[in-house]
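Residue numbers (our numbering), protein chains in the order written: chain A, 1 to 950; chain B, 1 to 950.
It cannot be assumed that every hint is accurate.
One copy or any two copies: either way a pair holds, since identical chains are not told apart in the list.
[Stated by the list, open to error] No more than 35 Å apart at the CA atoms, straight line, and that leaves these computed lysine-lysine pairs for DSBU-like:
#1 Lys670 to Lys422
#2 Lys271 to Lys62
#3 Lys650 to Lys907
#4 Lys863 to Lys547
#5 Lys391 to Lys271
#6 Lys62 to Lys614
#7 Lys457 to Lys881
#8 Lys854 to Lys670
#9 Lys827 to Lys769
#10 Lys62 to Lys585
#11 Lys484 to Lys907
Keep in mind the hints are simulated off the structure, nothing from the lab.
Protein chains: 2
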Amino acid sequence: MYNTSAGIVPGKINVHLVPHSHDDVGWLKTVDQYYVGSNNSIQVACVQNVLDSLIPALVADKNRKFIYVEQAITHGFFALLSFDFLLEINGGMCMHDEAAPHYIDMIDQTTLGHRYIKEQFNVTPRIGWQIDPFGHSAVQAYLLSAEVGFDFLFFARIDYQDRAKRINEKTLEVVWRASKSLGSSAQIMTGISPKNYEPPSDNFYFEVGDTSPIVQDDMNLFDYNVPERVNDFVSAAIAQANITRTNHIMWTMGTDFKYQYAHTWFRQMDKFIHYVNQDGRVNALYSTPSMYIDAKYAANESWPLKTDDFFPYADRENAYWTGYFTSRPALKGYVRTMSAYYLAARQLEFFKGRNEVGLSTDSLADALALVQHHDAVSGTEKQHVADDYAKRLSIGYTEAEKCPLLNISYCPPSEVDLSSGKSLVVVVYNPLGWKREDIIRIPVINENVTVKDSKGKVIESQLLPLLKDSMSLRNSYSTAYLGKSTNVTPSYWLAFSASVPPLGFNTYIISSAKQAGYESSHSGMRTVYKSQISQNDTIEVGPGNLKLLYSGKRAKLMRYINSKTSVNKLLEQSYIYYRGDDGSKDLQPSGAYIFRPNGTYPIEPEGQVTRVYKGKDHAEIEFTVGPIPIDDGIGKEVVTQITSNMISNKTFYTDSSGRDFIERIRDYRKDWNLEVNQPIAGNYYPVNLGIYMKDNSSELSILVDRSVGGSSIADGQLELMLHRRLVADDNRGVSEALNETVCVFDKCEGLTIIGKYYLRIDPVGEAAKWRRSFGQEIYSPFLLAFTEQDGDHWANSHLATYSAMDTTYVLPDNVALITLQELDSGKVLLRLAHLYEIEEDTDLSVMSSVELKKVFPKKKISKVTEMNLSANQERAVMEKKRLVWRVEGSSKEQPTAVRGSPVDPAKLVVELAPMEIRTFVIEFYSERGSFSDALYRRSNLRRKATFSLP
Amino acid sequence: MYNTSAGIVPGKINVHLVPHSHDDVGWLKTVDQYYVGSNNSIQVACVQNVLDSLIPALVADKNRKFIYVEQAITHGFFALLSFDFLLEINGGMCMHDEAAPHYIDMIDQTTLGHRYIKEQFNVTPRIGWQIDPFGHSAVQAYLLSAEVGFDFLFFARIDYQDRAKRINEKTLEVVWRASKSLGSSAQIMTGISPKNYEPPSDNFYFEVGDTSPIVQDDMNLFDYNVPERVNDFVSAAIAQANITRTNHIMWTMGTDFKYQYAHTWFRQMDKFIHYVNQDGRVNALYSTPSMYIDAKYAANESWPLKTDDFFPYADRENAYWTGYFTSRPALKGYVRTMSAYYLAARQLEFFKGRNEVGLSTDSLADALALVQHHDAVSGTEKQHVADDYAKRLSIGYTEAEKCPLLNISYCPPSEVDLSSGKSLVVVVYNPLGWKREDIIRIPVINENVTVKDSKGKVIESQLLPLLKDSMSLRNSYSTAYLGKSTNVTPSYWLAFSASVPPLGFNTYIISSAKQAGYESSHSGMRTVYKSQISQNDTIEVGPGNLKLLYSGKRAKLMRYINSKTSVNKLLEQSYIYYRGDDGSKDLQPSGAYIFRPNGTYPIEPEGQVTRVYKGKDHAEIEFTVGPIPIDDGIGKEVVTQITSNMISNKTFYTDSSGRDFIERIRDYRKDWNLEVNQPIAGNYYPVNLGIYMKDNSSELSILVDRSVGGSSIADGQLELMLHRRLVADDNRGVSEALNETVCVFDKCEGLTIIGKYYLRIDPVGEAAKWRRSFGQEIYSPFLLAFTEQDGDHWANSHLATYSAMDTTYVLPDNVALITLQELDSGKVLLRLAHLYEIEEDTDLSVMSSVELKKVFPKKKISKVTEMNLSANQERAVMEKKRLVWRVEGSSKEQPTAVRGSPVDPAKLVVELAPMEIRTFVIEFYSERGSFSDALYRRSNLRRKATFSLP
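Isolated chain A (complex conformation) (with noise of 0.2 Å):
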């Protein structure tokens, strides 16, 4: 009946329609509410629905389009369907926050729907659509578009003022090229709506129930308007045509949870189509962004060149988007926690076998997929929804391990009475590359304990006190989530170094000093905070090179100084907090989304403890914060202020998703003329592995154990945002007050915070190394293991210390495997990293080669692949698809970037370039390594070891 046929017509507006429906994989829902439709009074949205219309409408006609992103919310409904356009965008589980994942996280959420597309449709996604994200990353350009082999990235939010300009200037569609070390190699082809993701204009909605006026074109009825809604059409499309180079343009024909019935919307646009093109002015289809990216790339212009990021957010005045790089940080944290987790489990699952019995990760993979969803790990969606993220990540924890409250101190295994004549053994992981040495603290009753290395002798350990805020707060947690208080209270923190070997693990005993044959001698036992106190008040902190110098009744730290470096710093550290503002000047208040700081006032520490471990250079400090006080009326965020007299020049660096540093001025923006109106919100960016400043003779750099919001608000001085809690919405659908609370029986109180920073300060130029090398140790704890043996039966029975690589080999320093991880296949994935950008270390920023031999010893590679970065397609087929942007202005053009050359079957080694990640499926001649055999070596243990976390 209606021609909707129409393909591209050269010499006319060609209007691209692209039908989609974004379906949050949680928000205001939790996903699978979501999914079937539940909870309708907080927000009609049924995904179910969704499906189910789309198919017999797609089937109706087959020039119709529709893009779907979400894979977490399809539970595979695709795979009745041939319609490869369906799959074309994204391809992840879900579409990804930019400003709180880590770039591990984004990459495996990325690898898991793209692997999960391909062999379930053979389908290759080529756009990346992320139009829903508050701000985007660098990251997000070159390595999760770009690297992944996407032709397009497409996304509608940016800052207001800059949308401004390039409406202006027509420079909405860029070639980003969003790596320094990269370059051009990397970059990306990208498209910014000229306003959302929305259709252009509210006259062109057509779900169920919206009030756009239908084409009526019906002759025997009355209110016939044909012409009236065509040339509605044509305005919309000359005026969007206005501000775009080539005469193509896109009408994202959807939003959230539309096409909840899809035959309302395709009815209308097969009337469009049909009769726009009658009418003849401009020219309508049905089109999805791969038709449309084709279009721009055969029209041969050349585009405007972007680097750096997209960060920070802004969609109007006073309302910047630089909240949620903190909201919720206990799920922040978790986050970051299970991601380290799901690296290490996947390593030991690949030792073990992944067919065995035993561990299995594929639950927390899904988990940790779905909580890097854009409403997820970035604090903004309902309550009722940050808790089902955590009851996902739980069950996937759960499914493979127990005592997942360790990271509270609560953890009974290692609170058993060793007076009983009972050893605990500590198996301890490194699921790094390198050989590492690492303080290992667990909680125990007994004052008298000694620990012995897996040959058996006594190694020097130490019994901090533990905190009384953490003493109350394990308490009252282990209350509220387990139901009862713990019948066994510990009273210390037993400290140890552990010494374990790359991809391996050792064996510590923990058992009463008594039994052991030992006096309470505390041999060797030194508490960090007996500190000298000098003349002048006061207080040196620090058993090795670190010394930090603290003054004063209050200890107010004073002084950082490294007598190896020779660095000799004023340095002072305080907590602040903004109020939250309320929203009475402009119904803009602070809310998750959004940091609306309305005064800046002073906090008096308590509960605050740092850390400094001989043989470590830095400084760790724990902070303690919460409850959040609100009774008051008014929400507050609080922040933690690290200042020198170091002259930086309003200039700092944050990472992009945990990876490339890039530089940030204070009240500055390349890409337009800033208008400042927010000089605090406006100048937060998102910190995932760390911050830092530097002048001219020394750079301070403080690294993160999760995502937060940062800043350098005055010159010489960094600070991170820690906790929010805040007591007004801030209009941007959420519809909750950012008030976590935690609840014992019916009292309620706000939620505390336990989290941890890094400090430390290097001579300008030597700073890289402690970033990248501490970051991964940051970022990959060790993974202990727990269980108890009687005399000496476990010891006798197991392989007390191992190592998957060879032992004469470690992985070059700047080199980390963030991919190990055998597939269904049996294939193994292998993902390794070179952790510096060029011209960030004098020796690390340099080609780097790691040899697979030596990596995998006790196995014989058969064939190695080298895969694009979410192992969909071989990166030489990629290569050659991708399609080549013309920048505007030949001086722009960098030289060719360096990379590593393909793997030599014979060799086998795998070169790296700086920043470059290389993905290989590794293929073996069967045989089994020996890893679970060392852990099982015999069948008739008592307990099954079971690895937790730190």
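Use these hints to put chain B onto chain A, whose structure you have.
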């Protein structure tokens, strides 16, 4: 996947799930807007969505059911289907109202739908489904249900006190014997919903966007809730079973404009049927009212008896839906006028031959059917929808006719300047089966005019002054609707008595007296307003038997005297208004639906005309009401009161849909002990034909020209509500105050209503004749056609007088021909109605007979088939299929009603018992009548005659 095949299970509570959508053919949106789904900002409703989504849902599972009422809105959509159950209910073009429509309109619209369904789908509906109308008429029960062959009538809205008692006594299901005359031969099994026509609780709505909990039966997702939902279902079923006889209960699964994505409902009902039947406590099944009532019938139960009707309806205290009896009196008047016109026009169409070019009544038939809808002629639609209905009537009328504004005295042909030598030819058609004399009034410019009959003889005529009010209204409305004021202004009504044979016409020629050779003698003219002024300041009005006595300066009616019948009664006539309650007490204002008076106030009348014609023993009162002032912010409802000193003993009588008269007793209901909280509104009843009261000596009757509300609030007094203008919405959905205005350019004022009612006092027992015979004349006035002639052109070329019937024959006084219509098949539909109830009139409440041969003297009848009322099946077939229900208490059984015998094909005489309506399809041996020949004897006429409305 789900087992939906359940049938009835004996011994269990059977929950009949009846999926349905209640799709008003106009209410808040126009019928077309509802169909295509435009104007969704007013109401989310799109019937196309319902229809489009229904088919795949029904095809997907043959166990699913659905019922659909409104044929007017389906546009033949179901032609695609073979699901009989879709069409088993109502089957008319709309779900007609039961208060405002005349029974002839109800029959016509039902016939239109029933014959369409029969022809297109070969389906005969068996269920009446009046779920939404606001009260239920006796005529609906015995005529539009029993006589069309329904086995069950189901509805929802009855008085809240009545419902409470019925719930308590398990008497929601009854045998309704609504006709005194036809008794058990026209009774109908009737079901009243325990609540409304929606699902049993808020928990069972499944439209896209509804918030009822869906059945979450996927164990892989969170929130699995099958046990809870099954419990919800079982609880609701048991609750309803507890108030219902037999173990069958019906759930109306739907409501207004639901099933816009039918799948969403069926998916949930599939699950309920599956899991509830697995549970086994009750039995759930897809069903239809037909399956339901067959199950009830099989139970062989005896049922309570109900007589009379279900008026008035109150849904709660102080909320009597008796305002709508009068709401939109102009629309109600227009509908009545069009109804009469349609009846006459079909006669002409038949005489002329339907297949010839010229008149077509099809469009008017459709419009008239549509406007019987319970939010159309009821006056309870939004203003723009009322406008749409009027437009449709106007288009329907215009398709055959011109000059639609004669009813406000604007008619160019009759206002031709006769001084130019032309004459005006008036052809007067009488659609009644009786010979008839009646006064014709035509506006004229000239004073010097004469009227000649068809033989050229000058007959008596009168010039009556046009009221100033009428003139200014005429000018105002012609400017409003034609965009210009008229260029000639009539000065007088020219009145003369026309005498016309049954189903025939006569011709009158109006010409200038001068031209016609007469002096301006005004011979025989008499103006009714020139009256006798007697002593005592009284004025006596009346040229014949009837005299009205007026007294005082204000000419107040004092006395009614009929010299022939010796009736001599004190009689007052006055106007009052009720203040419409503003809802400030309890949020229940007076509005389009609800009449809620708050105080009674007198009105001094101006601009009223009372006419008494020679030879007519009744008074004709023409009222002009409006604009009703609301500047004081108070809505007003204008009422006329006729006050006598009769001792009426709380009792009065109103017709049911223009047919049977039902006894009404003030502040009393037969079926329950009425708790009186609205002593005025709660005593209002719909009046379509008339209202009367009586005492020992006399009967005072009032007949109306359209449907209105009426009552007797005090003994000896009758009142009619003539017009309403209100300032508040009454909270029943329409969301507009009933405030009709007319705008001339930018100036708007309240709508003015001009109407008539007729009053007569008879000796007791002798009043029915006038009510019935003159009532028929009011309904079917003369139809006038105008043309001009030069000299005697027309008269010489046309037949001047004609009767379709045998010239020696007229119908009996107690029989009316209510349908004479050529069907598409060429056959003829004939309906004859006995006009009297049993015991209504000594002479006329008797068996009567009609000789068909004399009705069709010029044709030869080949076959007569008696049909059911809606002519979609043979009467004999219907009688054979009819279910016979048992009534509680044998003493309530009546003797079988008397009915006419089957028609002897040789004699062709139709017998009619009191209140009997008999419907026939008549076939003729092919030959054409001469009517069209008579009118169009020559083909070179300058102007085609058109029939217009006096």
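Right, here's what the structure says about each hint:
no.: 1; hint: Lys670 to Lys422; result: neither (64 Å within a copy, 90 Å between copies)
no.: 2; hint: Lys271 to Lys62; result: both (15 Å within a copy, 32 Å between copies)
no.: 3; hint: Lys650 to Lys907; result: neither (48 Å within a copy, 113 Å between copies)
no.: 4; hint: Lys863 to Lys547; result: neither (51 Å within a copy, 119 Å between copies)
no.: 5; hint: Lys391 to Lys271; result: between (46 Å within a copy, 28 Å between copies)
no.: 6; hint: Lys62 to Lys614; result: neither (69 Å within a copy, 78 Å between copies)
no.: 7; hint: Lys457 to Lys881; result: neither (59 Å within a copy, 102 Å between copies)
no.: 8; hint: Lys854 to Lys670; result: neither (45 Å within a copy, 100 Å between copies)
no.: 9; hint: Lys827 to Lys769; result: within (33 Å within a copy, 101 Å between copies)
no.: 10; hint: Lys62 to Lys585; result: neither (52 Å within a copy, 61 Å between copies)
no.: 11; hint: Lys484 to Lys907; result: neither (58 Å within a copy, 99 Å between copies)
Hint compliance for this structure: hints 1, 3, 4, 6, 7, 8, 10 and 11 are not met, and every other hint is.
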